[in-house]
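*Asks:* Going line by line, the protein sequences match chains A and B.
Under this note's numbering, think of the first position of the first sequence as 1, with each following residue one higher.
Under this note's numbering, think of the first position of the second sequence as 1, with each following residue one higher.
Honestly, the hints are just simulated from the structure, not real lab data.
Treat the hints with caution; some may be incorrect.
Some chain A residues close to chain B (C-beta under 7 angstroms, calculated; not the full set) [stated by the list, open to error]:
| no. | residue |
| --- | --- |
| 1 | S107 |
| 2 | L113 |
| 3 | A115 |
| 4 | A118 |
| 5 | V119 |
| 6 | G120 |
| 7 | L121 |
| 8 | S122 |
| 9 | Q125 |
| 10 | V130 |
| 11 | P133 |
| 12 | D153 |
| 13 | S209 |
| 14 | P211 |
| 15 | N213 |
C-beta: ideal position from N, C-alpha, C; glycine also.
For reference, the chains in residue letters:
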Amino acid sequence: MDFGQFISYIGSGTVYTVGVTLIALPSGLLIGTILALLYVYGGKAAARIMNIYSTVFRGIPPVVLLFILFFAVSKGINLSAFWAGSLSLGVVSSAYQMEIIRGALLSVSGDQLMAARAVGLSRMQAIRNVVLPQAVRLAIPPWSNEAAIVIKDSSLVYALGVPEILRRAQLIGASSQQYLLAYLSAAVIYFLLVSLTTRLLNQLEQKLSIPSNP
Amino acid sequence: MPKPILTIKNLTKTYGQNVIFQHLDLTVNEGDTIVIIGPSGTGKSTLLRCINLLTRPNEGQIWLDDLEITAKGTDEDQVRQHIGMVFQNFLLFNHLTALGNVKLGLTRVKHLSDEAATEKAMRELNRVGLADRANHYPGQLSGGQQQRVGIARALAMDPRVMLFDEPTSALDPELIGEVLEVMRQLSLDGMTMLVVTHEMGFAREVADRIVFMEKGYIVEEGSPDEMFNHPKFDRTREFLWKITELYGKKEKEAE
C-alpha cells in the first residue's frame with residue numbers, strides 16, 4: 001500500500017471529523033454565548049452558577065467527560081455514538097467559549113452600554129446592538145484558538161467507535177502494520193484542517209475589523 | 001410666562017456616607033440655556049446623570065414637563081428618549097459609522113424605517129456640519145468631529161432638553177471651538193440646554209443663567225452679567241476669577 005491509499009482511506013474519515021466539529025463548535029458557541037450573557041448581565045446568583053459550570057467542565061479531561069456524558073445521555077435517549085460524542089464535545093467546549101465571550105463582553109467599556117441607554121435603548125437592545133457586535137470582534141482571535149482545539153478534540157470520539165480520522169488510521173495501521181505512516185497521514189490531515197480553519201477565521205477578523213486612522 | 005421643562009425639587013444623591021449633593025432645587029424653562037459651573041467633584045455630572053435616570057437620586061423629585069420621572073414605575077427608556085445627553089468622552093458606538101451612530105436610536109427606539117432614519121440622521125449630521133463624514137467610523141474622526149456626531153446622535157431623537165456633561169473637556173484646545181459653535185447655534189435655535197462646562201467664554205456669551213455649584217450645593221445663580229460682574233458671594237467671585245484666568249491661559253497656549 002502506498003501513501004496515496006493511506007491518505008484516501010484515512011481521509012474518508014474527514015467527513016466525521018468535520019461533522020463532529022460542525023456540531024460541537026456551534027452548539028458550544030450557542031450555549032457559551034447564552035451562559036456568558038447570563039454571567040455578565042444576569043446578576044450575582046447567575047454569575048455564581050456559571051462560575052461553577054465553567055470550573056467543573058474545564059477541570060475534567062474532555063475524554064472523561066465524553067465517556068460520562070455519552071453513557072449518561074445514551075441511557076436516557078437513544079443517540080448514536082456520533083451524535084452523543086459531538087454534543088458532549090459541544091458541552092465541553094461551551095465552558096471554554098463562555099469564558100471567551102465573557103472576556104470579550106467585559107472588554108467592551110461599560111460606558112458604551114450607558115451611552116446606548118442614554119439614547120433610549122432598553123438594556124437588552126443596548127447589549128444586542130452595541131455591546132455584542134463589538135464583543136464578537138474581540139472574541140474572534142481567542143475563538144479561533146478554541147476552534148482549533150475542538151477540531152483536534154474531535155479525535156476523542158474515536159474512543160466511542162466513530163470511524164473518524166484517528167480511528168481509521170488505527171485500523172489501517174493495524175492491518176498493514178505500518179503504524180508510523182498511518183499516524184503521519186492522520187497528522188497531515190488534521191494539520192490541514194486546522195490551518196485552513198485558522199486562515200478562514202483570520203480573514204473573517206480582517207473583514208470585520210473596524211476602520212480607524214493610526 | 002415661561003414654561004418649565006425640567007423642575008428639580010429637593011434632590012439628594014449619596015453614595016453610602018458620601019453626600020454628592022443635597023436638597024437641590026433647579027428649574028429649567030423652555031428655550032433656556034443654563035450653564036452649571038463649579039469645582040470638580042461637586043456633583044455636576046451626577047446631577048445630569050440623575051436627570052436622565054442613568055443614576056437614581058436618593059430623595060427628591062424631577063419633572064419633565066408635567067411628568068414626574070422620579071416616580072415609581074416610570075418607563076426609564078421612554079423618559080431618556082426625550083432627554084439628549086452628550087458625554088465628556090463622546091462615547092460614540094465604536095463599531096458604527098457616524099451615520100450608524102445617529103441612526104441607531106431612530107431605528108431601534110423610534111422604529112423609523114431604514115430610509116426615514118437615514119434621511120433624518122443625514123439632516124442632523126448636516127446640522128453639525130458633518131454630512132460629508134457620514135460614512136466614517138469614530139476611529140477615523142477627530143475628537144471635535146466625534147463630539148459633533150455625539151450631539152447629532154442626541155438631537156436626532158428630538159429631545160425636549162439636551163444635557164451636556166463637560167462636552168469640550170477631553171478635546172485639544174484647537175478643536176473646542178467647532179463644538180462650542182454647534183452648541184451656540186443650538187441655543188440660538190431655541191433648544192433647551194443644561195450645560196456643565198468650564199468654558200467661561202461660552203457661559204458669558206450664550207447662557208441665559210449660570211448656576212454655581214460647590215460641595216453639593218447651589219451657591220448662587222443668576223444671569224451672566226450678575227454672576228461675572230456683581231456676584232453676591234465671595235466664593236462665586238473667587239471661583240470665576242480663578243477659572244477665567246485658567247481659561248485665558250489655555251486660550252493663549254492655543255494661539
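*Asks:* Indicate, hint by hint, whether the structure satisfies it.
*Replies:* Status of the hints after comparison with the structure:
For S107 of chain A, the interface hint is violated, since its Cβ never comes within 7 angstroms of a Cβ in chain B; the closest pair sits about 12 angstroms apart. Evaluation of the L113 of chain A hint against chain B yields a violated restraint, the C-beta minimum of about 10 angstroms exceeding 7 angstroms. Hint status for A115 of chain A: holds, given a least beta-carbon distance of 4 angstroms to chain B, under 7 angstroms. A cut of 7 angstroms between beta carbons decides the hint on A118 of chain A: the least distance to chain B is about 4 angstroms, and the hint holds.
A distance limit of 7 angstroms between C-beta atoms decides the matter here; for V119 of chain A the minimum to chain B is near 4 angstroms, and the interface restraint holds. Checking G120 of chain A against chain B by beta carbon gives a least distance of about 4 angstroms; that is within 7 angstroms, so the hint holds. This hint holds: L121 of chain A has a C-beta 6 angstroms from the nearest C-beta of chain B, less than the 7 angstroms allowed. This hint holds: S122 of chain A has a C-beta 5 angstroms from the nearest C-beta of chain B, less than the 7 angstroms allowed.
For the restraint placing Q125 of chain A at the interface with chain B, the shortest Cβ-Cβ distance is roughly 5 angstroms, inside the 7 angstroms limit, so the hint holds. The criterion of a C-beta within 7 angstroms of any C-beta in chain B is met by V130 of chain A, whose closest approach is roughly 5 angstroms, and the hint holds. For P133 of chain A, the shortest C-beta to C-beta distance to chain B is roughly 5 angstroms, which falls under 7 angstroms, so the interface hint holds. Nearest Cβ of chain B to the Cβ of D153 of chain A: about 32 angstroms, over the 7 angstroms cut. The hint is violated.
Contact between S209 of chain A and chain B, as hinted, is not supported at the beta carbon level, the nearest pair being about 10 angstroms apart and thus beyond 7 angstroms. At its closest, the beta carbon of P211 of chain A sits 5 angstroms from a beta carbon of chain B; the interface hint therefore holds under the 7 angstroms criterion. A distance limit of 7 angstroms between C-beta atoms decides the matter here; for N213 of chain A the minimum to chain B is near 5 angstroms, and the interface restraint holds.
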